[in-house]
Amino acid sequence: MGRFLVRRFLRGILVVLGVSTIVFGITHLSGDPVSLLVDQEWTHEQVEQVRRDLGLDKPVYIQYVRYWQNVLLGDWGQSLRYRRPALSLVWERFPATVELAAVTLIIVVALSIPAGVIAAVKRGGFWDQAIMTLAMVGQSWPTFWLGLVLILVFAVKFHWLPTSGRGGFDHLILPAFTLAFLPMAMMARLTRSAMLDVLRADYIRTARAKGLRNSTVIVRHALRNAAIPVVTILGIQVGSLLAGAVVTETVFAWPGVGRAAVEAVQQRDYPVVQAVVLLTSVVFVTVNLAVDTLYGVLDPRIRYA
Amino acid sequence: MGTPTGNSMQVSASLGQMVDTARRREWLRRTLRRLKLPITGWVSLLILVVLVLAAILAPFISPYDPLEQSLADRLSPPLTRTADGLFFPLGTDRLGRDFLSRMFYGARISLSLAFAVVVGGTLVGVAVGLVSGFFGKTVDQALMTIVDIQLSIPSILLAIALLAVLGSSIPTLLVVLIISRWIAHARAVRGQVMSLKEKEYIEAARAVGASNARIVLRHLLPNTMSIVLVLATLQFADVIVLEASLSFLGLGVQPPTPSWGGELQQGRAFMQTAWWLSTFPGIALMLVTLSMNRLGDWLRDVLDPALRGSL
Chain A
1 MGRFLVRRFL RGILVVLGVS TIVFGITHLS GDPVSLLVDQ EWTHEQVEQV RRDLGLDKPV
61 YIQYVRYWQN VLLGDWGQSL RYRRPALSLV WERFPATVEL AAVTLIIVVA LSIPAGVIAA
121 VKRGGFWDQA IMTLAMVGQS WPTFWLGLVL ILVFAVKFHW LPTSGRGGFD HLILPAFTLA
181 FLPMAMMARL TRSAMLDVLR ADYIRTARAK GLRNSTVIVR HALRNAAIPV VTILGIQVGS
241 LLAGAVVTET VFAWPGVGRA AVEAVQQRDY PVVQAVVLLT SVVFVTVNLA VDTLYGVLDP
301 RIRYA
Chain B
1 MGTPTGNSMQ VSASLGQMVD TARRREWLRR TLRRLKLPIT GWVSLLILVV LVLAAILAPF
61 ISPYDPLEQS LADRLSPPLT RTADGLFFPL GTDRLGRDFL SRMFYGARIS LSLAFAVVVG
121 GTLVGVAVGL VSGFFGKTVD QALMTIVDIQ LSIPSILLAI ALLAVLGSSI PTLLVVLIIS
181 RWIAHARAVR GQVMSLKEKE YIEAARAVGA SNARIVLRHL LPNTMSIVLV LATLQFADVI
241 VLEASLSFLG LGVQPPTPSW GGELQQGRAF MQTAWWLSTF PGIALMLVTL SMNRLGDWLR
301 DVLDPALRGS L
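Protein sequences, first through last, are from chains A and B. Every letter in the first sequence is one number past the one before it in the numbering used here, and letter 139, counting from 1, is 139. Every letter in the second sequence is one number past the one before it in the numbering used here, and letter 297, counting from 1, is 297.
Some hints could be false.
Unchecked claim - A few chain A residues facing chain B, derived, Cβ under 8 angstroms: (1) G18; (2) I26; (3) L54; (4) L134; (5) M136; (6) F144; (7) L152; (8) V153; (9) A261; (10) V276; (11) T280.
Hints in this document: simulated from the structure, not taken from any laboratory. Since this is a predicted model, take the numbers as computed values, not measurements. The C-beta atom is built at its ideal place from N, Cα and C for all residues, glycine as well.
Given the sequences, and given the hints that come with them, work out the whole structure.
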């Protein structure tokens, strides 16, 4: 297991280095990276000064080496708008994203897994059909429109919840539900099909034949064995939730990482966009590594070959 | 007189073709028998046909020019008939443009863009998947590392970063969306090819001297088609939403060109006063994704029941 994790860790580093290379590549796609880094009102002398300061007058391969050195040393460029290190600017937005992701995850797990289990156990019945129809609708409802509809109904019409921004717990409800909708639909469907596979197994029949209570069979025997695919996909969901919900955060003016990216694009603050992409991939890789470790806990049969 | 090997190759080739045709016919027969399209499936199909027709026929069925402004009639609710006899079935937007016409033309942009992206993404993904799965080793490792790297950047973020640098235009949008969509195909096809290439019929093809290209194109590619088709259908829904999200963030299709996402974004400011501006594009988007997902699920069950749950 140790060797497996070391290998995964090294692969993770490779992936992050790859992402930083892509980010470097994208800045050079426009032809002249300096044009992304300066205001349009700047004089020619100022632009040339920036070019020299950042070493952008050097050959590309030297820039590339320098860029990596900087990334590794934690220097991810300066925000053009706020004249501050881009990394710390993005990092400050991270708690808001984590908060939203955590509540979303709780909603997803608390609702979708029981729903999937019920649908599987009552296969073909009313609840199965109702849950699966709901999941189908949930999977097809564009996030930003869902957000707008929820705002219109619960904030504008009934005044039950605030329309946007970050504050008390009530501020979290609408964005978290908006964000939870799609993963909830996916997880419910996935849990259902994983449970259906397991419920057919011989050991379930054995457990029933032993006279165990139905709930014991379903939760202890079936659900536990259906957990592997569910946890895998859940891990990916956690990764993408932490990567910032660009659209949801924009709809609800939630001051997280995703919104930081959109604001940065609108303000042509390219170093911040870079920082978001890099930080996001680091988070994503870390979460996946954590999920890989979790497999061993969930299923001792996995030997990490 | 041909060489013996040449002859035997011809024989085996025509034999192979006969087997191929027979197998294809059998497959078609079985598929048709399993083709029990449920009622929701027919409804989905009908919705898609109507929307596609609306997109194709937009210039003929639109009551007005989607860009023609009439400030006197701005923000008219649906079913408004003005004093000078103009009729707006879905009302007008903030510049007094007929909203039904904008929806038709929006369908044109949104649907054709999504279609082009799915075709492009499928071609790239299938090509990469075939190469990666067939050659394995270093090529596979390199390509799959690229896949891993890209997977760790959320597609919308990658799209934003690219559009921020390249600027937003329809061709750029097309490329950016294709970049975000090829991966699923590459991984699925690679997996399929890796298991298929160990099968006896591939060994047989190799034994009669088939070239790599022939094996890949004639024997492996056709067998990945069902998974590709299912994925493409499901991806169509994703692309429609992704494009609409980008337009919603102001990075996609630029005004005044109508697109469903763009209309939603502009309608957002008028949610309380002019509900129709955000409701109709939202419903349109949802109908397409719902129908496409429904058809994708059904196709998956028909073509490859084993994929249930994994896609």
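Are any of the numbered hints broken by this structure? If so, which, sorted upward? Numbers 3, 4, 8 - these are the hints that the structure violates, sorted from lowest upward.
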